[in-house]
Amino acid sequence: MTASTPQEFPAEAHAALSDETLKVALRRLKTHFALGRQLAFTRYGDMEALREQGRAIRDYALSRLDSLLESFERQVKSRGGQVHWARDAKEARDIILKILRETGAKTVTKGKSMVSEEIALNPFLEANGMHPVETDLGEYIIQLRKEPPSHIIAPAFHLSKEQVAETFRESHTELDPRRSLEERTTLVLEARRMLRAQFEAADAGITGANFLSAEEGAAVIVTNEGNGDLTRLLPKTHIVLTGIEKVVADLDDVSVLLRLLTRSATGQDISSYVTVMLGPRNAKEADGPENFHIVLLDNGRSRLIGTEAEDVLRCIRCAACLNHCPIYGAVGGHSYGATYSGPIGAALNPNLLGVSAARHHTNASTFCGRCAEVCPVKIPLPKIMRYWRAREYASGLAPKAMTFGLGLWAFAAKRPALYRFFSATVAWTLRKLGGKKGHVHALPIMNGWFAVRDFPAPQGKSFHHLWAHRK
Amino acid sequence: MSARDEILSAIRTRRVKNAPRPARYAPPPPESDLVKQFADRARRTAAEVQILNDLSDVPAAVADILRGKNMEAAIHLPPHSPFAALDWKTAPGLSLESKSPGPDDAALALVPFGIAETGTLVNPARDSAPASWHFRPGLEIAVIHTRDILPHMENVFARIKQSGALPHTINFVSGPSRTGDIEQTLELGAHGPKALAILIVEEA
Ligand code: SF4
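Residue numbers (the numbering used here), protein chains in the order written: chain X, -8 to 462; chain B, 2 to 205.
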């Protein structure tokens, strides 16, 4: 499959709507991740206080990111690790290649890392004679299929087990072609066997980090499979690639964020493995990496500080906003044609790819607000999307029809009588169209918009009407 | 300017917010006594939990677990394991191995801390407990003393910091390895252990 581009989002989204396998997978997000999250939240008790603490911890860290990063660097160095800084994707790729070359590495195991996708590390390493092997099961499957991830924590959720079986049959040619691959268990065991050999053979391992702690100089990763740990512990060199925004004050703050992350992501009270990585091994220890490197990537993150979009830097990449988004839930992740999809993608991509390239992402919103409600660190995602839309509008990139529509609205809005007439007529029409379900699927002049959106039909009285009534 | 200085100065010049440090978070207090909560939560993560009266019961319990799973009667102990000193004659036929465990082997670990809140085992890497041993075997059998079970993750970090230099890695383990990557359906034993058995030893 060839990866699509963000500009092709409308067409890709349209095609995705009739993909039956994808529909089944997307439906599962609700019964698995979303329901799991809800149950985990209920079990915990005061989730609201926990979310507020999470928000405050991230805000505190982001408002002194510079000193926390400096402290983190000092601590890592004091234990024999090395810290590298990369302004952009290219610098990060070059740093990693240089480390690999200096240690004579060829085979590189990888733990799941969205930052590695962001900088397109694998194709670069391959082009430079390295052999990167993804070890998270989902990432492994899509690497074999040459597909990008379709979800930030479940990269292969869009595939059926039959598709996975087909991929394994085509890729694991050294195994008996007549073996049965009907059960998920068999598929998992086959991947376990194939990848164990890769872990043992790897010269270097690359992982991401979910959090960094400034006081202790720790990088923390969360996994369920244990692949991140085998990636860190078995090879001679371990490289952690992560964004500069991941740092928080100390490991106690990490403990709080972990409670939010796993519950929001998979509905687990904690993931099977949480690993706190502090440095290279001591000479007398039996395992652990001899070389420990951290690559801190900016790639536009620092540019968000002080803007109306800066709250997006609080993100802990839990994917709850994807799992609860009506747009993502209808079209899946590949349609976006970008590393980050769903509401968090719409909030990040204009900065990463440019407001013009990512304009379809910020426009693909019903502004239902579900994403902000479920976000464990209370990121006002719709507000950030509106900010990017305003930026797009200001830069004159908005399509003519949209400018015209808004102009008309502004004209009418300044004239109350006209506005009341218009909105009453429009609300009446929408109510008729919405029928019993209260959702409008198409309007004659707005085909483009409704291709990817449903619109809740107006309920009850208009704001103008209510306002007049109260007075 | 170096990339480092450029990034740090971009952060400094753009910053407008000055958010205060939030007060320390107080996690919900344990619902029951710590050992009971630890055992309940560990079972929720699909770990098997047994309570033993004494450390000397470990060899027989290990032999039992292996028999129950139809596994070979062999247990891997890392070099310098404190369990080498146990009387293994109480488990006749069980062989002790010191080489690093393969994906279908069983390994025994002494775990220095547990977390009652989540039923989690905490393993700081050290000479007598190589970190990779928690991920290589097919079955990990973990022994923990009741006195080492603490309420929350924060308590464990405080203890580890008190004890001096930080290890290169701290592994928090909650249940066996798992994946939901195929059709979002849970399967145990992705890369790490397919099963985790916890032996809680009561204090003398
Ligand atoms: S924006 Fe919030 S909900 Fe979405 S991935 Fe980030 S932390 Fe999770």
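Think of the hints as simulated: they come from the structure by calculation, not from any bench. Hints are not guaranteed to be accurate.
Here's a subset of chain B near chain X, in silico, CB distances under 7 Å, partners left out [what the hints assert, rightly or not]: (1) 82; (2) 84; (3) 175; (4) 187.
Below, a sample of chain B positions facing chain X; criterion: calculated Cβ distance under 10 Å [claimed, not checked]: (5) 7; (6) 15; (7) 20; (8) 22; (9) 94; (10) 154; (11) 165; (12) 169; (13) 173; (14) 197.
Backbone N, C-alpha and C define an ideal beta-carbon position, used for all residues, glycine too.
We went through each hint and held it up to the structure:
1. 82: violated (12 Å)
2. 84: The hint is violated - residue 84/B has no Cβ within 7 Å of chain X, the shortest such distance being about 16 Å.
3. 175: Holds, about 5 Å.
4. 187: Constraint on residue 187/B not satisfied, violated at 9 Å.
5. 7: holds (6 Å)
6. 15: holds (4 Å)
7. 20: holds (4 Å)
8. 22: Hint holds; residue 22/B Cβ to chain X Cβ min 5 Å, cut 10 Å.
9. 94: violated (28 Å)
10. 154: holds (4 Å)
11. 165: violated (13 Å)
12. 169: Given a least distance of 5 Å, the restraint on residue 169/B holds.
13. 173: holds (4 Å)
14. 197: Nearest chain X Cβ about 9 Å off; hint holds.
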